[in-house]
Amino acid sequence: MPFGLPVIDAALPSGGLALGALHEAWGAGPQVEHGTAVSLLAAWLLARVPGEVVWVMQQRDLYPPALAAVGLPPERVLFVHTRNPKLVLLVMEEGLRHAGLAGVVGELSGPLSLTASRRLQLAAEMSGVTAFLVRRSRRFDDPVLAQPSAAATRWRVASVPSAPPLPDSPDTPGLGPPRWRLDLLRCRGGEPHSWTLEAFDATGRCRVVPDLGDRPAAPERRPTAA
Amino acid sequence: MAVAAADQAALTLGIRPGLALAQARAMVPGLLVAEADPKGDAAALERLAAWCLRYTPLTAADPPDGIWLDITGCAHLFGGEQGLLADLLDRLGHSGAQARAAIADTPGAAHAVARFGADAATVVAPGAQERTIAPLPVGALRLPEEMVTALRRLGLDRVAQLAQVPRAPLQRRFGRHTLLRLDQAAGRVFEPIRPALPEEAVVHRLAFVEPLLTAEAFVQCIDALLVPVCAKLEAAGQGARRLDLIFERIDGSVQAVRIGTAAPSRHAAHLGRLLEERLDEVDPDPGVEAMQLCVSLAEPIANRQGTASLDDSASSEADIAALVDRIENRLGAGSVWRAVAVESEMPERAVATVAPIMRTPVASWPPGLPRPVRLLDPPQPVEAMALLPDNPPVAFTWRRRRHRVRRADGPERIHGEWWRRSAEEEAVRDYFAVEDEDGVRFWLFRRGDGVDRATGDLRWFLHGLF
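Going line by line, the protein sequences match chains A and B. Be aware that the first sequence starts at 1, since it is given in our numbering, and climbs by one per residue. Be aware that the second sequence starts at 1, since it is given in our numbering, and climbs by one per residue.
FYI, nobody ran anything at the bench for these hints, they're computed from the structure. Where is the CB? At the ideal position from N, CA and C, for every residue including glycine. You may find that some hints are simply not true.
If you want a taste of the chain A side facing chain B, the calculated C-beta under 8 Å gives, among others [unchecked claim]:
| no. | residue |
| --- | --- |
| 1 | G71 |
| 2 | L78 |
| 3 | P85 |
| 4 | H98 |
| 5 | G100 |
| 6 | P161 |
| 7 | C206 |
Simulated restraints on C-beta separations [unchecked claim]:
| no. | chain 1 | residue 1 | chain 2 | residue 2 | range |
| --- | --- | --- | --- | --- | --- |
| 8 | B | D452 | A | L114 | 34 to 44 Å |
| 9 | B | Q23 | A | R83 | 55 to 65 Å |
| 10 | A | G110 | B | R400 | 19 to 29 Å |
| 11 | A | A99 | B | D119 | 45 to 55 Å |
| 12 | A | K86 | B | V189 | 34 to 44 Å |
| 13 | A | R83 | B | L21 | 50 to 60 Å |
Lysine to aspartate or glutamate pairs mimicking EDC-like chemistry, simulated, CA-CA at most 20 Å apart [to be verified]:
| no. | chain 1 | residue 1 | chain 2 | residue 2 |
| --- | --- | --- | --- | --- |
| 14 | A | K86 | B | E277 |
| 15 | B | K232 | B | E216 |
| 16 | A | K86 | A | D171 |
| 17 | B | K39 | B | D7 |
| 18 | A | K86 | B | D65 |
| 19 | B | K39 | B | E81 |
Okay, chain A solo, but in the shape it has when bound (with noise of 0.2 Å):
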């Protein structure tokens, strides 16, 4: 599942994000409680890989119109709602079972276990279906999210300031593409890195900012064992 980005895709082993896997992101800071960015990068992603998706969310607080401008059309969206964090996975699982579909994006708040980060993982290789894990919590840094999981890619993805919409005139006002900095903390058989993402302009297109982007990630604050 390339990104399309040179830069990235280089990065990552299997030249893109690989397929059949397990992939965890969530947000920095304040984001962390929402997942924006990293549901609208999800949705991206998927919005390019035939077949259904299945969304189980912990809060019914998505806005498909969001997920549709970014290329993922409601008619291809199946959601789901429980608020029992357990039944988000064994949904989960059960649709990564189901061959057909392009993807499965779970929204979790709470702990996640290496056992059950473990079963996700395997459930994806088994049926070549993606699984994309966003992490929300109400605490901007939540010791849960450093644990140690069986993901084959732990990305973080942060907002910082954008730039102006007209290069050359700095001083006009209104809003250009959203920029992320994106922080690949883990990825198996790859290194960490970080890029800078201008995101979705009106076409729906996103480049990398080449200026800041390509250094090494700063080290997860604990070392991930799995």
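Following the hints, complete the assembly by docking chain B onto the known chain A.
For chain B alone, kept in the frame of chain A given last:
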């Protein structure tokens, strides 16, 4: 000649059952009278009991005026007990039948509360049946008329008073029946109801030589029952939308599990898996002597299952239906849905949810407008500073955190939909997408256009996050 029954309109005019017909006619000239037809009433009640099979496989008519529904394990298909009750009364009401209903742990308590409770629809909390029926009159206990009169004569008007009387003298004076009804209502004595089964449904029954108790045995029996049932469905060109598995226990009581499917299916492995996931709801003790599988709702399906299908979309459609069934079987109905676009200016109304198998894109959202990933419901009030009328806020405070606005887009003016609510006739919201100094983006709106007070009170709200 006397009045046998009266409808609500007649009751408010003072016509009560038992009144002499001549007197009733004198009270209300032009009273509409029809001859009582007990047989017809009983038949109609049976038909209504069969109609109630939509809710549970275990329904039974309770002449003259009641219907039993054993909804054990079925309520989740209707969004819980409250949801089932509301749906039942709503449908009956639309068909012109006035009804009262109650859900309780025991048939006796449900019977009493449905007839003597304060509300037309009551859900008695688990274990609360004794407390709930205590203030009801003794007539609520399904006792013969003369016994109720005799109890009244002793000053025993309420169920609570009856429950306090020592049991031995009560039994000597009134017989076992009174105590039995009291114990049945309280749940100390089990009371089976005799279920009615639909006539034309596909049914298969397996009786056992030895009573069965283990889940493994039940799984085998489910497979054995599904083979003939699926064959019958295939012959009829139909698939099951609802399946009831009924366990007949050796103590004469019945237990049932019910599964629903999103699309008609006669795929034995799929249906078997759904049924097996629900086996833990069954209490087989002291043993099950027969099992019955009943298709209580079937719908036609195209005859292509089992043959090699070249049509990928049809097979993936069936796959998705199976996935939806498995998820809903675990989480309950309504936990899986699809979103559809609705043509509405109001962001919170622009999305509707539909059943997961329906897929008819009717509208699409206008492209190019900024829409947040998370929509807060309801919008959260924020403190904001802004120049009127058209400027975005300079800063705002949300959850005691101050955000300084670095960049902003807007306003996008959204007018109230006066055809939905008259209060929205002049209402205006001005939406701004703003970015704070950390690069986090928010979707804020101000009530009112900033010029005319009638359009809104100028308060600011956070409606979503990008």
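Here is how each hint holds up against the structure:
1. G71: Because about 11 Å separates G71 of chain A from the closest Cβ in chain B, which is outside the 8 Å limit, the hint is violated.
2. L78: 6 Å, holds
3. P85: 13 Å, violated
4. H98: 5 Å, holds
5. G100: 5 Å, holds
6. P161: Hint holds; P161 of chain A Cβ to chain B Cβ min 4 Å, cut 8 Å.
7. C206: 15 Å, violated
8. B:D452 x A:L114: 34 to 44 Å: 60 Å, violated
9. B:Q23 x A:R83: 55 to 65 Å: Since Q23 of chain B and R83 of chain A have Cβ atoms about 60 Å apart, the given range 55 to 65 Å holds.
10. A:G110 x B:R400: 19 to 29 Å: Hint holds: Cβ distance 24 Å, inside 19 to 29 Å.
11. A:A99 x B:D119: 45 to 55 Å: 50 Å, holds
12. A:K86 x B:V189: 34 to 44 Å: For K86 of chain A and V189 of chain B the Cβ distance comes to about 38 Å; the hint holds.
13. A:R83 x B:L21: 50 to 60 Å: For R83 of chain A and L21 of chain B the Cβ distance comes to about 59 Å; the hint holds.
14. A:K86 x B:E277: 16 Å, holds
15. B:K232 x B:E216: Violated: K232 of chain B and E216 of chain B sit about 25 Å apart, past 20 Å.
16. A:K86 x A:D171: 49 Å, violated
17. B:K39 x B:D7: With a Cα-Cα distance of about 19 Å, the restraint between K39 of chain B and D7 of chain B holds, given a limit of 20 Å.
18. A:K86 x B:D65: 45 Å, violated
19. B:K39 x B:E81: 32 Å, violated
In summary, the numbered hints that this structure violates are 1, 3, 7, 8, 15, 16, 18 and 19.
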